[in-house]
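Asks: Make the full structure from the sequences, and use the hints.
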Amino acid sequence: MFSTNLPQNHQPVTFQPGQCVISHSPANMNEGASSGGEKQELKFKRVILQDQNKPENMIQRQQVIRLTYLITAMDLTCLFMQIGIIPYLAKSLGLDSVGFGYLQTTFGVLQLLGGPIFGRFADQCGTRAALTLSYLSGSAFFLLLSVSTSIPLLFLSRIPSVFMHGLPGAQMVITDLTTPAERADALGKLGLCFGVGVIIGSSLGGTLSTKFGMYFPSYLAVVASLISAMIVMTCIPAHTKPKSEGQSTQQRTSQSSVFSLKEILRLLKLPGVKEVFLIKVLSGLPTGLFLIMFSIISMNFFGLEAAQTGYLMSYFGVLQMVVQGLVIGRLTSRFTERTLIMLSVLAFSGVGLAMALMTNVFHYCIIALPMVFALCTMGIITDSILTKSVPPSDTGAMLGICACVPPLTRTVGPTLGGILYKVFGVSAFGYFQLVVNIALFLYIFKNKVPQNEEKAQ
Numbered sequence: 001m002f003s004t005n006l007p008q009n010h011q012p013v014t015f016q017p018g019q020c021v022i023s024h025s026p027a028n029m030n031e032g033a034s035s036g037g038e039k040q041e042l043k044f045k046r047v048i049l050q051d052q053n054k055p056e057n058m059i060q061r062q063q064v065i066r067l068t069y070l071i072t073a074m075d076l077t078c079l080f081m082q083i084g085i086i087p088y089l090a091k092s093l094g095l096d097s098v099g100f101g102y103l104q105t106t107f108g109v110l111q112l113l114g115g116p117i118f119g120r121f122a123d124q125c126g127t128r129a130a131l132t133l134s135y136l137s138g139s140a141f142f143l144l145l146s147v148s149t150s151i152p153l154l155f156l157s158r159i160p161s162v163f164m165h166g167l168p169g170a171q172m173v174i175t176d177l178t179t180p181a182e183r184a185d186a187l188g189k190l191g192l193c194f195g196v197g198v199i200i201g202s203s204l205g206g207t208l209s210t211k212f213g214m215y216f217p218s219y220l221a222v223v224a225s226l227i228s229a230m231i232v233m234t235c236i237p238a239h240t241k242p243k244s245e246g247q248s249t250q251q252r253t254s255q256s257s258v259f260s261l262k263e264i265l266r267l268l269k270l271p272g273v274k275e276v277f278l279i280k281v282l283s284g285l286p287t288g289l290f291l292i293m294f295s296i297i298s299m300n301f302f303g304l305e306a307a308q309t310g311y312l313m314s315y316f317g318v319l320q321m322v323v324q325g326l327v328i329g330r331l332t333s334r335f336t337e338r339t340l341i342m343l344s345v346l347a348f349s350g351v352g353l354a355m356a357l358m359t360n361v362f363h364y365c366i367i368a369l370p371m372v373f374a375l376c377t378m379g380i381i382t383d384s385i386l387t388k389s390v391p392p393s394d395t396g397a398m399l400g401i402c403a404c405v406p407p408l409t410r411t412v413g414p415t416l417g418g419i420l421y422k423v424f425g426v427s428a429f430g431y432f433q434l435v436v437n438i439a440l441f442l443y444i445f446k447n448k449v450p451q452n453e454e455k456a457q
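Letter by letter, the sequence shown follows residues 1 to 457 in my numbering.
Hints were generated in silico from the structure; no laboratory data involved. Be a bit skeptical, because a hint or two may be false.
[Stated by the list, open to error] Below 20 angstroms or equal to it, Euclidean Cα-Cα: the simulated EDC-like pairs (lysine to aspartate or glutamate) are:
(1) K422 to D96
(2) K274 to E263
(3) K446 to E275
(4) K262 to E275
(5) K91 to E305
(6) K448 to E275
[Stated by the list, open to error] Beta-carbon label-pair distances, calculated as ranges:
(7) I151 to L282: 33 to 39 angstroms
(8) R334 to I151: 48 to 54 angstroms
(9) V435 to T359: 18 to 24 angstroms
(10) K448 to N300: 32 to 38 angstroms
(11) I159 to Y431: 35 to 41 angstroms
(12) P271 to R334: 23 to 29 angstroms
(13) K446 to V361: 37 to 43 angstroms
(14) Y311 to K448: 41 to 47 angstroms
(15) I438 to V223: 21 to 27 angstroms
By construction, the Cβ of each residue, glycine as well, lies at the ideal position given by its N, Cα and C atoms.
Replies: See the structure below:
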């Protein structure tokens, strides 16, 4: 339906007043870049701007982006359907709370290992191949889950999750098909897909398992994942990067493997990348630990029933949809990336103080709004900064590295969060959040991170 490569326009680009003018002449290129690396980066940016400003390509890009949103919402719905039934399935098979923790840790470790590899695979083989791999892996995951009649089979069903990265894959498509100015807003709208997945998936999984049996949601997820794979193979371009960028990627493919740790570490050593990535990891870690322990906290601290906890999670999902879909796009057009990062860190600090003083579920409902705002803003802005800090041919690998953050939290979360809750109580999560983010705010203020002060849009 769509061409497999976005065409390249060889005509010069004319910018509006206040913007940089780039032409094809060697003199202008040498004048605008002080080194070979900078000239290459300018060349990539020129190709992207030329390619994406053509009317026919703008229509095609919008069609692909909308389709990406659709299949992402479907994928996340399937994921949250199984998240809702896994605890009950594990219990029915005789798995205790410790064993269930091992099951969750296994899932987190596999996702952690697969994220960077998936990103490198997308850069070298194209986003169509990467998304197809993700949805076929999802089909295998749900198929194995549907026949998990014993604990070993339940653990075996986790293995395909190493390549289940539908959301990062969607981020890769959107990153390739948007300009740096559009990127933060377009990535933010994926939050609508996430909210749809949380709300519909959670409720649908419980309803279907009650009416048709524990394994029925898995059967439905297998079919949905196969449909998504077919849509990707027929409607998503094989390579969403411009031609010159695709040629650069092919040259690098012959020199390094998808599994090259050296190439992954090379990206983290680029100027400004390591600092922003550490801020991304550390700022949300305390909240991540709290959310991992939330099922226990809601039962023991808030005294909620299972249905009430589900309503609270739906409320959280609605907030995320509103913030990512409607709020962040407006903020990125008015404030610089550095301002939004500092605002997110300050919001995290306020959330930490409020969590330390929280005594009931009503307090949590109020705290949830700035918590969701800080989580969403920090995640989207840091993703946008990091993809702009690496060559366009490596944006997939960078997003793959970013995709490691949630699995990392899920891996260390049950142990570290359990210790904090058991020894110090719920307030420990708040004080931890407060201390970490005050330290990050002082670090950002002193070191001017990110280095380039610019608006997200």
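Asks: Could you run down the list of hints and mark each one as holding or not?
Replies: Hint-by-hint comparison with the structure:
Straight-line distance between C-alpha atoms of K422 and D96 comes to about 18 angstroms, which keeps the hinted pair within the 20 angstroms bound. Of the pairs offered as hints, the one joining K274 and E263 holds, with about 14 angstroms between alpha carbons and a cut-off of 20 angstroms not exceeded. With a C-alpha separation of about 13 angstroms, the suggested pairing of K446 with E275 holds against the 20 angstroms cut-off. A distance of roughly 19 angstroms separates the Cα atoms of K262 and E275; the hinted pair therefore holds under the 20 angstroms criterion.
At roughly 18 angstroms between alpha-carbon atoms, K91 and E305 fall within 20 angstroms of each other, so this suggested pair holds. Straight-line distance between C-alpha atoms of K448 and E275 comes to about 10 angstroms, which keeps the hinted pair within the 20 angstroms bound. For the pair I151 and L282, the supplied restraint of 33 to 39 angstroms holds, since their beta-carbon distance comes to about 35 angstroms. The beta-carbon spacing between R334 and I151, approximately 53 angstroms, falls within the hinted interval of 48 to 54 angstroms.
At about 21 angstroms, the CB distance of V435 to T359 agrees with the hint of 18 to 24 angstroms. Our hint of 32 to 38 angstroms for K448 and N300 is violated, since their Cβ atoms are close to 43 angstroms apart. Distance hint for I159 and Y431: a CB-CB separation of about 38 angstroms, consistent with the stated range 35 to 41 angstroms. Checked against the given bound of 23 to 29 angstroms, the beta carbons of P271 and R334, roughly 27 angstroms apart, stay inside it.
Evaluation of the 37 to 43 angstroms hint for K446 and V361 yields a pass: the beta carbon distance comes to about 38 angstroms. A C-beta distance of roughly 43 angstroms is found between Y311 and K448, which places it inside the suggested range of 41 to 47 angstroms. One distance hint, 21 to 27 angstroms for the beta-carbon pair I438 and V223, is violated here, with the actual separation near 49 angstroms.
Taken one by one, the earlier hints fail for this structure at numbers 10 and 15, listed in ascending order.
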